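There are 2 protein chains.
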Amino acid sequence: MRRFFTALLIGVLATPAIAADDIVLRGMGSFHIGGRIAEVKGKEVRMIVRQPGGPLTKLDPNGKYMVEQMYVQYFLPKNKMGKLPLLTWHGGGLTGVTYESTPDGREGWVNFFIRKGWDVYNSDAVERGRSGFASPDVWPSEPTFLPFADPFERFRIGQGEGSWSDDPAQRKVIPGSQFPVEAYNNYMRQTVPRWLSTDQAIIDAYVALVDKVCPCVLLLHSQGGSFGFKVAELRPDKVKAIVAVESATAGIVANAPKLKNTPVLMIFGDNVDQHPRWAAFKKIDTEYANAIKAGGGSVDWINLPEIGIKGNSHMMMQDKNSDQIAEVIQKWLVAKGLGE
Amino acid sequence: MRRFFTALLIGVLATPAIAADDIVLRGMGSFHIGGRIAEVKGKEVRMIVRQPGGPLTKLDPNGKYMVEQMYVQYFLPKNKMGKLPLLTWHGGGLTGVTYESTPDGREGWVNFFIRKGWDVYNSDAVERGRSGFASPDVWPSEPTFLPFADPFERFRIGQGEGSWSDDPAQRKVIPGSQFPVEAYNNYMRQTVPRWLSTDQAIIDAYVALVDKVCPCVLLLHSQGGSFGFKVAELRPDKVKAIVAVESATAGIVANAPKLKNTPVLMIFGDNVDQHPRWAAFKKIDTEYANAIKAGGGSVDWINLPEIGIKGNSHMMMQDKNSDQIAEVIQKWLVAKGLGE
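Taken in order, these protein sequences are the chains called A and B. Following our numbering, the numbering of the first sequence begins with 1 at its first residue and continues without gaps. Following our numbering, the numbering of the second sequence begins with 1 at its first residue and continues without gaps.
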């Protein structure tokens with residue numbers, strides 16, 4: 001008997017010993033989804049400078065192009081405990097990197113939720129990151145770019161307009177802020193240009209993703225909330241729950257009753273009512289939440305300071321207490337019977 | 001004693017049993033590196049259309065921006081067998097997705113080399129994918145876009161110029177091609193716009209990456225070869241080996257002797273000599289390889305058809321026999337004492 005136990009033990013130990021913080025996956029990979037073939041025709045062949053100081057050379061923009069596809073990366077934990085895939089959708093001017101890691105180098109929510117046993121699908125919205133973008137011949141608008149001051153003043157890191165300074169010592173950070181301000185440059189490295197004319201293409205690609213991998217749970221941030229609720233209205237039978245982190249506008253109020261069977265959690269951080277922009281978004285989200293409830297649905301609402309979690313910026317998944325907020329989300333998902 | 005074994009066994013079995021094809025990681029995440037702060041000043045406030053059909057609105061482009069940073073994602077296997085980190089650098093008009101997955105949904109080389117025990121750092125060159133890109137006020141050139149016909153005719157999938165057709169049945173695929181032509185649209189979904197004026201910025205960010213995570217091995221593809229050899233010339237003590245897959249030009253011949261202590265493997269696929277563009281690149285690479293050897297270094301050269309591996313396109317890490325080619329690379333790395 002002792003020999004039997006010894007042999008069995010040796011067999012088990014021959015596989016690498018797993019530490020509590022190892023990540024064990026039964027699969028991982030990526031794919032692109034959605035998009036359409038755009039034809040550019042009848043455009044003049046134009047002369048462009050391809051390299052600074054170089055000669056003008058011919059560029060023929062006519063032809064067929066793949067445009068408006070979306071990049072999705074997925075991680076499938078061995079110890080699957082989430083009942084459904086968890087789809088993480090980022091905010092404006094950002095990519096899936098939002099959820100991967102923090103500017104000060106800690107693990108992001110992708111790792112957190114993999115460790116909790118969720119199949120995680122982390123994507124870049126159309127036009128951003130690894131999704132690529134279309135030429136000016138296809139999209140009749142230009143991208144916009146974020147200067148340093150913008151997210152600092154707008155995402156409740158600094159004390160609103162005028163709080164940014166090139167001199168770190170002169171920046172007016174909100175007292176008690178949880179954002180890793182010492183790594184603000186790394187946050188700016190994560191930002192990407194943003195078009196303002198691509199909403200429909202973004203929604204179309206998200207719908208294609210939902211049709212491929214759902215039923216599922218959506219985890220939405222900021223502008224991702226605006227897209228996520230509209231997608232859920234189009235596929236209410238496939239979106240089984242929504243966690244919206246500071247949704248920057250929500251769905252279409254008249255369609256809100258479609259979400260009567262989709263439980264929703266709305267989360268807001270600190271200093272929201274003091275910031276006109278976020279107070280306005282909160283009001284819009286409240287109206288949408290009320291419309292869901294009036295239609296027979298369920299919305300839970302957490303203002304983090306009211307449960308004792310203070311100092312959170314708009315980028316709470318990158319704030320220093322990001323794991324604490326992820327725990328709040330995990331607890332809600334478990335309470336809804338979706339996780340363990 | 002029996003109680004001791006029983007307790008130990010229960011403890012071990014409480015961790016999930018690992019299957020042979022599971023991926024066990026001791027860590028994973030991402031970061032951005034490099035880049036610089038660019039100031040835009042003295043530019044006129046201009047009027048832009050932000051949404052098609054919308055009004056002209058003011059855009060003030062002046063301010064400070066983070067530009068030319070690079071995105072890097074890393075996976076650290078539990079069962080580490082690679083002696084050094086493996087850095088995977090993609091080709092032109094593409095991103096790190098090149099190495100993640102194939103257009104027909106198989107696992108890519110990232111997974112392959114993680115399974116072989118390598119710490120893998122997969123990045124998007126400056127200007128591409130999750131690295132973001134700078135505004136026309138910072139970069140004085142415009143991006144170029146790939147129409148469907150271009151990679152098909154240029155990357156030895158089709159039979160050269162004129163082989164593309166919108167009608168799949170009319171496309172002239174190279175007989176015996178290993179490229180998953182049925183999934184060509186998915187390949188096009190992976191492509192991203194490309195600037196032609198950003199080489200120095202790309203090299204600077206790669207050097208910053210090498211300074212952060214090396215000594216290391218570089219796995220280069222196509223345009224990534226042009227960058228990788230130049231970076232290795234700048235950091236010969238940190239780049240301990242180079243695998244170059246169809247390097248589209250190489251380093252600077254006069255600097256090649258700097259690589260005398262860096263073993264190099266050059267790999268080319270099939271139908272190279274029949275395609276003028278690739279024959280030209282092969283000639284350039286040969287001259288560079290000869291210069292390394294003349295300087296006392298070591299270069300191994302594999303033309304895949306000569307070892308019986310036929311039909312490979314320029315995108316061999318996505319061809320149907322991609323794992324077979326990865327095995328060739330793995331074998332070379334092991335022979336150089338770098339892996340197990």
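Check each hint, because a few of them may be wrong.
[As the list claims (entries may be wrong)] Here are the simulated BS3-like pairs of lysine-lysine, each with C-alpha atoms no more than 30 Å apart in a straight line:
id, chain 1, residue 1, chain 2, residue 2
1, A, Lys-43, B, Lys-43
2, A, Lys-283, A, Lys-41
3, B, Lys-80, A, Lys-78
4, A, Lys-41, B, Lys-260
5, B, Lys-43, A, Lys-58
6, A, Lys-282, B, Lys-58
7, A, Lys-283, A, Lys-293
8, A, Lys-172, B, Lys-172
9, B, Lys-293, B, Lys-212
10, B, Lys-172, A, Lys-64
11, B, Lys-212, A, Lys-320
12, B, Lys-230, B, Lys-293
Calculated directly from the structure, the hints in this document are not laboratory data. What you are looking at is a predicted structure, and each value in this text was computed from that prediction instead of being measured.
Hints, verified against the model:
Between Lys-43(A) and Lys-43(B) the CA atoms are separated by roughly 29 Å; this keeps the pair inside 30 Å, and the hint holds. With a CA separation close to 45 Å, the supplied pair Lys-283(A) and Lys-41(A) exceeds the 30 Å bound. With a C-alpha separation of about 19 Å, the suggested pair Lys-80(B) and Lys-78(A) falls inside the 30 Å cut-off, and the hint holds. Restraint check for Lys-41(A) and Lys-260(B): not satisfied, since their Cα atoms lie roughly 51 Å apart, outside the 30 Å limit.
Restraint check for Lys-43(B) and Lys-58(A): satisfied, since their Cα atoms lie roughly 28 Å apart, inside the 30 Å limit. For the hint pairing Lys-282(A) with Lys-58(B), the CA-to-CA distance comes to about 27 Å; that is within 30 Å, so the pair holds. Distance hint between Lys-283(A) and Lys-293(A) is fulfilled; the C-alpha atoms sit about 15 Å from each other, no more than 30 Å. The suggested pairing of Lys-172(A) with Lys-172(B) is violated, with an alpha-carbon distance near 63 Å, which exceeds 30 Å.
Using a Cα cut-off of 30 Å, the hinted pair Lys-293(B) and Lys-212(B) holds, with the two alpha carbons roughly 29 Å apart. Taking the CA atoms of Lys-172(B) and Lys-64(A), the gap is about 18 Å. The hint holds against a cut of 30 Å. With a CA separation close to 24 Å, the supplied pair Lys-212(B) and Lys-320(A) stays within the 30 Å bound. The suggested pairing of Lys-230(B) with Lys-293(B) holds, with an alpha-carbon distance near 16 Å, which does not exceed 30 Å.
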